[in-house]
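Could you build all of it, start to finish, from the sequences and the hints given here?
Protein chains: 2
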Amino acid sequence: MELLKERIKKDGKVRSGNVLKVDSFLNHQMDIKLFEQIGKEFKRRFADCPINKILTIESSGIGIASIAAQSFDVPVVFAKKNTTKNIDGALYSAQIESFTHGKVYNVIVAREFLNPCDNVLIIDDFLANGKALMGLSKIVEKSGAKLCGAGIVIEKGFQEGGKLLRASGMRIESLAIIKSMTPDGEIIFED
Amino acid sequence: MELLKERIKKDGKVRSGNVLKVDSFLNHQMDIKLFEQIGKEFKRRFADCPINKILTIESSGIGIASIAAQSFDVPVVFAKKNTTKNIDGALYSAQIESFTHGKVYNVIVAREFLNPCDNVLIIDDFLANGKALMGLSKIVEKSGAKLCGAGIVIEKGFQEGGKLLRASGMRIESLAIIKSMTPDGEIIFED
Numbered sequence: 007m008e009l010l011k012e013r014i015k016k017d018g019k020v021r022s023g024n025v026l027k028v029d030s031f032l033n034h035q036m037d038i039k040l041f042e043q044i045g046k047e048f049k050r051r052f053a054d055c056p057i058n059k060i061l062t063i064e065s066s067g068i069g070i071a072s073i074a075a076q077s078f079d080v081p082v083v084f085a086k087k088n089t090t091k092n093i094d095g096a097l098y099s100a101q102i103e104s105f106t107h108g109k110v111y112n113v114i115v116a117r118e119f120l121n122p123c124d125n126v127l128i129i130d131d132f133l134a135n136g137k138a139l140m141g142l143s144k145i146v147e148k149s150g151a152k153l154c155g156a157g158i159v160i161e162k163g164f165q166e167g168g169k170l171l172r173a174s175g176m177r178i179e180s181l182a183i184i185k186s187m188t189p190d191g192e193i194i195f196e197d
Numbered sequence: 007m008e009l010l011k012e013r014i015k016k017d018g019k020v021r022s023g024n025v026l027k028v029d030s031f032l033n034h035q036m037d038i039k040l041f042e043q044i045g046k047e048f049k050r051r052f053a054d055c056p057i058n059k060i061l062t063i064e065s066s067g068i069g070i071a072s073i074a075a076q077s078f079d080v081p082v083v084f085a086k087k088n089t090t091k092n093i094d095g096a097l098y099s100a101q102i103e104s105f106t107h108g109k110v111y112n113v114i115v116a117r118e119f120l121n122p123c124d125n126v127l128i129i130d131d132f133l134a135n136g137k138a139l140m141g142l143s144k145i146v147e148k149s150g151a152k153l154c155g156a157g158i159v160i161e162k163g164f165q166e167g168g169k170l171l172r173a174s175g176m177r178i179e180s181l182a183i184i185k186s187m188t189p190d191g192e193i194i195f196e197d
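Heads up: the sequence lines are chains A and B, in that order.
Counting from 1, position 52 in the first sequence corresponds to residue 58 in the working numbering; the numbering is continuous, with no gaps.
Counting from 1, position 108 in the second sequence corresponds to residue 114 in the working numbering; the numbering is continuous, with no gaps.
Keep in mind that a hint or two might mislead.
Chain copies aren't distinguished; within one or between two, either way the pair holds.
To be verified - Subject to a maximum C-alpha distance of 25 angstroms in a straight line, what follows is the list of computed DSS-like cross-link-like pairs (lysine-lysine):
id : residue 1 : residue 2
1  : K39       : K152
2  : K87       : K27
3  : K169      : K109
4  : K87       : K109
5  : K137      : K87
6  : K39       : K49
No lab work stands behind these hints, which were simulated from the structure alone.
Below, the structure is given as structure tokens:
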């Protein structure tokens with residue numbers, strides 16, 4: 007998606023540890039007009055799938071998934087990272103190791119919001135080592151729902167997540183795949 | 007907002023400790039079509055304000071704020087509850103005591119995303135004791151931006167947050183104000 011790649015080149019900042027900061031438009035400040043284009047692109051790529059629900063994970067996925075949901079005309083469920091007072095009853099859960107936060111956490115989805123008749127699209131902002139996506143796909147599997155695929159805004163193609171998950175049979179559509187990032191800030195995309 | 011009140015009566019569940027579960031449409035599964043109506047109502051109520059930025063807080067506020075942002079044609083900034091690798095540089099921060107989680111946490115916004123020329127609308131899903139809203143308004147104040155007001159989806163009118171903050175001069179527009187909830191599940195709204 008050219009518009010997105012241009013925006014990443016313009017406003018993305020490369021930091022040590024293979025961190026790409028895109029917080030001016032994607033995951034701290036959110037450019038909702040860009041999200042509308044991202045949502046339309048996900049719909050175009052998954053037009054062949056009978057998606058009736060979008061699953062994402064707090065927090066950075068929620069804004070993107072909410073706007074994309076308008077193109078699919080479906081509700082969104084976001085997986086929660088901590089069990090709170092307001093979640094009770096039966097849950098699906100999975101463990102996820104976070105690259106960004108450097109720790110392992112549980113994610114949960116209330117059982118009532120995923121069931122075997124659902125056709126689920128997972129949406130997230132980043133795909134790097136793939137742990138979040140693996141956790142979410144485990145939750146979909148436990149629920150008996152069908153996973154149609156995953157829509158990712160930015161994939162770090164130089165990390166192994168995308169390769170591993172595609173090899174396992176998951177359909178992944180990433181709108182920008184980064185081939186490499188240099189310490190002086192150059193970002194090169196895969197074709 | 008009648009549509010919202012009807013939905014709360016239909017799908018809201020009263021739990022012990024004055025907890026209102028609305029996770030089937032507001033803060034776990036999200037009814038994006040309802041969010042569109044909520045966003046339009048916020049725009050109608052704040053039509054007199056030159057709002058150029060919406061501020062919310064992760065996680066439950068993000069979906070609502072993202073959809074509402076379409077009615078205002080502005081970007082959204084969401085305050086983060088934990089400092090991560092991806093946030094660096096200068097920050098505005100405030101401490102918030104969470105009713106839901108029973109703990110105190112720091113919320114932060116990167117300085118570059120709030121500045122004195124901004125006219126800010128805060129959006130959140132709930133207003134109860136008002137701690138989140140107080141924290142967010144402190145961040146707006148520190149930035150030098152103008153706070154136009156706060157748009158709240160559900161206010162628990164029987165808790166003190168709304169009264170205290172309105173008395174302090176904050177403009178708050180709550181789309182559904184709950185007067186009382188009974189243990190057998192009855193929900194009564196203020197007129």
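Quick rundown of the hints versus the structure:
no.	hint	in the structure
1	K39 to K152	between (30 angstroms within a copy, 24 angstroms between copies)
2	K87 to K27	both (22 angstroms within a copy, 18 angstroms between copies)
3	K169 to K109	within (23 angstroms within a copy, 40 angstroms between copies)
4	K87 to K109	both (12 angstroms within a copy, 16 angstroms between copies)
5	K137 to K87	both (13 angstroms within a copy, 22 angstroms between copies)
6	K39 to K49	both (16 angstroms within a copy, 17 angstroms between copies)
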